[in-house]
Amino acid sequence: MNTPRGRARLQPAKVRIAIIGILVVLAWLGMGYRLVQIQVFAAPVLAQEGLNQRLVSRDLAPQRGKIFDRNGDLLAMTVEAQSLYAVPNQVEEPLWVAQQIGGLLEVDTDRLLERLTGDRDFVYLKRQVEGVLAEEILGMGIRGVYSLPEPTRLYPAGDVASHVIGFVNIDGVGQEGLELVYDEELTGVPGRAEFERGLDGTPILQGISDIVPAVPGVDLNTTVDIPLQYQAQQACKDAVKRTNADNCWVVVLGVETGEILAMTGWPAFDPVTRQTLDPKCDRLDDPTECRNFSNFIVRGMYEPGSTQKLITVAAALEEAEVAIGTTIHDVGDVLELRDDACRSAEDDLYGCYRDFKEHETRDMTVAEIFTRSSNVGTIMIADRLGQKRLVEYIERFGLGRKTGVDYTVESPGLLNFEAGCETCWASAAIGYSVAASPLQMAAAYAAIGNDGSWITPHILSSKTDVDGVTEVAGIETREVVSSGTALLMRELLASVVERGTGGNAAVEGYRVGGKTGTANKLGSDGRYTDETRASFVGMAPISNPKIVVAVVVDAPDFEFRTGGVAAAPVSAAVMEQALHRLGVTPDGEQR
Amino acid sequence: MTIRPAAQSAESEGLRVLRGRRLRKPTIAPWMVMALIAVVAFLGLGFARTSLDGSAFELVELDRAIAEQTALNRQLNLEIAQLENPARISPLAEELGLVIPEQTKPILVDLEPGTPVVAERSSDGTNQ
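Protein chains in written order, with the working numbering: chain A, 1 to 591; chain B, 1 to 128.
Possibly wrong hints are sitting among the right ones.
Which stretches of chain A does chain B cover? Using the computed rule of at least three CB atoms under 8 Å from a CB of chain B, they are [as the list claims (entries may be wrong)]:
| no. | segment |
| --- | --- |
| 1 | 38-46 |
| 2 | 152-162 |
| 3 | 204-213 |
| 4 | 223-230 |
From the derived model, a few chain A residues whose C-beta atoms are all more than 12 Å from chain B [said to hold, decoys possible]:
| no. | residue |
| --- | --- |
| 5 | F68 |
| 6 | L74 |
| 7 | L75 |
| 8 | G131 |
| 9 | V173 |
| 10 | G198 |
| 11 | A268 |
| 12 | C421 |
| 13 | E476 |
| 14 | A573 |
| 15 | E576 |
Computed spacing ranges between beta-carbons, pair by pair [stated by the list, open to error]:
| no. | chain 1 | residue 1 | chain 2 | residue 2 | range |
| --- | --- | --- | --- | --- | --- |
| 16 | A | A42 | B | D63 | 31 to 39 Å |
| 17 | A | A42 | B | T70 | 43 to 51 Å |
| 18 | A | A42 | B | L52 | 39 to 47 Å |
| 19 | B | I89 | A | D587 | 28 to 36 Å |
| 20 | B | Q82 | A | Q48 | 37 to 45 Å |
I should point out that these hints are in silico values taken from the structure, not numbers from a laboratory. Note that the structure is predicted; figures quoted are calculated from it, not measured. Glycine included, every Cβ here is placed at the ideal spot set by N, Cα and C.
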């Protein structure tokens, strides 16, 4: 009914509806505007901010390669350990914490306290702690103390293989030995991962995902036999104890392959703590300073003494200057190459050469000179050779240059034939005026055992990468003497053990050949002292040599000073173990 | 003024008018089908996406389990190597009274030429 009264009642309602309607429309318009603003104009910026929050970029650390011995036994591998760290401003009682943790971690309490009270935001308490110990410390619930995973390198064989493998530093970078030589290959190639993750860190599959996987390091397969390495180390340790020597070194080479089956010495060192295992170190004020990581077998130099005579006599035979049965006349026990060089019985000056034992002047065959290790007789043989050819053969046998072994910082040795030196050739003929490493001497003898063929000694037999591809190490060979000369020299070496100075090197059931060496050490004044380096280099079985063993005993007591007494027994012990482990057929009793 | 004739009842002409609900053959409108498909597709998409998200969690868990087992395997290999270390075994052997023989003597066995080194099984199962 359209009455004035009804019209007045309708008006306010319509207005209210209209107002509400307008407000609703405005609200929707506002929302629409905001949607457009966010979804259209600000979308790229907001999307990028969101992506930045979700996107994680992470380096993927490669797994460091493992090292194995020739039997596939593990020598080095990386595992995950826990590194304990603290946030100093969160630690409530630093003194109490330092006292509690210091003993467990074997870290000086004062040093810990200094770190915990510093003004840094992050301090390490100890890196690469064993999992069980880390759990124990974290289980104490100390505020401000946390852990993070960190790889650590472990060496199951301990100090037995330390001179071969070497060690890494706290950051896993190779510092010595094979760890250093092959550090780049062992390390591998780091990867990179970029992916989107949710709030809880879970990767978002549908999001950006760009992963370049890490390439694990290459595994190294060595030629070393750990049980033999252990036996060799124990033999050296016994020798050091028996003769009161400063140290002992031994290397075992495969004759036909150049493989280093064992390379060790005593004192050894712990590759994890890098501390030398020498009881004498305990007597020092700071035993941690007693660190001798140097591998004398590869890096050292010594005057080989009578073991050098192998090269001199082999050269003379090869050049047909002498035969084994050739008689050298009037071989005395003293030889002066310079007038009045030998002023008195004890005065060995420049140009004076003496045999180890006094004897009357008489004729001696080449074989006898070699078997009895006559210095005078050997020099007389070398005289027929001449310096030029002597030097040529010394170099041909590998002295004076690196062998090329796959190890760190190899010593090339030293040949002293300076111009104007009238007697250097004579000294070199009997193993003085020449410096060589034990490895060089072993390789030279291995050439005789290998029918005159010199082979590069090597520790690595192959590498295995992630695809399983195995790469075999390259080896150099070269002829140094004929097989006939090599055969004659082997018989001479056997005679040294059977009838000469090397009797202590004999091994039951096998014919062993070798040469003893006793070289006086130079003092600080440039004169020779009574201290010696006693050595023995031998091979077996003589009929078809498989093994060469070189032993050097440094500064044994005077009563043990000769190679036959100090070094030959070590060779016998190691040789026997090596022959049995390789299953070498015995070639009969020593004649 | 127009005079309109009154409406004539259909009944008056003999037609019968039925009152009430009109009976019709039931049909589904096309728009309902489209709507249904859209809803199903939307639900399906949502389900697939959540499944994928769930798979991401499973994948992460699997990766974690693989990493744990790999680490455990590595640890076990390390333990084996440490146990096999001759420096560990030798002192234990000595404690048990084992000794390394000071002298060894190899024994060589002379075989008749043609003597088989490895035993061969005959047809009756015995070794020869």
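Structure-based check of all given hints:
1. 38-46: That given contact is violated, which follows from only 0 residues of the segment 38-46 of chain A lying within Cβ reach (below 8 Å) of chain B.
2. 152-162: Holds, because 6 residues of the segment 152-162 of chain A bring their Cβ atoms closer than 8 Å to Cβ atoms of chain B.
3. 204-213: holds (count 3)
4. 223-230: holds (count 3)
5. F68: 9 Å, violated
6. L74: Not fine: 4 Å to the nearest Cβ puts A/L74 too close to chain B.
7. L75: With a cut-off of 12 Å, A/L75 comes too close to chain B, as the shortest Cβ separation is near 8 Å.
8. G131: 9 Å, violated
9. V173: 21 Å, holds
10. G198: 8 Å, violated
11. A268: The claim breaks: A/A268 does not keep its Cβ more than 12 Å from every Cβ of chain B (closest is about 10 Å).
12. C421: 47 Å, holds
13. E476: Nearest chain B Cβ is 32 Å from A/E476, so the label holds.
14. A573: 9 Å, violated
15. E576: 7 Å, violated
16. A/A42 / B/D63: 31 to 39 Å: 36 Å, holds
17. A/A42 / B/T70: 43 to 51 Å: 46 Å, holds
18. A/A42 / B/L52: 39 to 47 Å: 28 Å, violated
19. B/I89 / A/D587: 28 to 36 Å: Distance hint for B/I89, A/D587 holds at roughly 31 Å.
20. B/Q82 / A/Q48: 37 to 45 Å: 52 Å, violated
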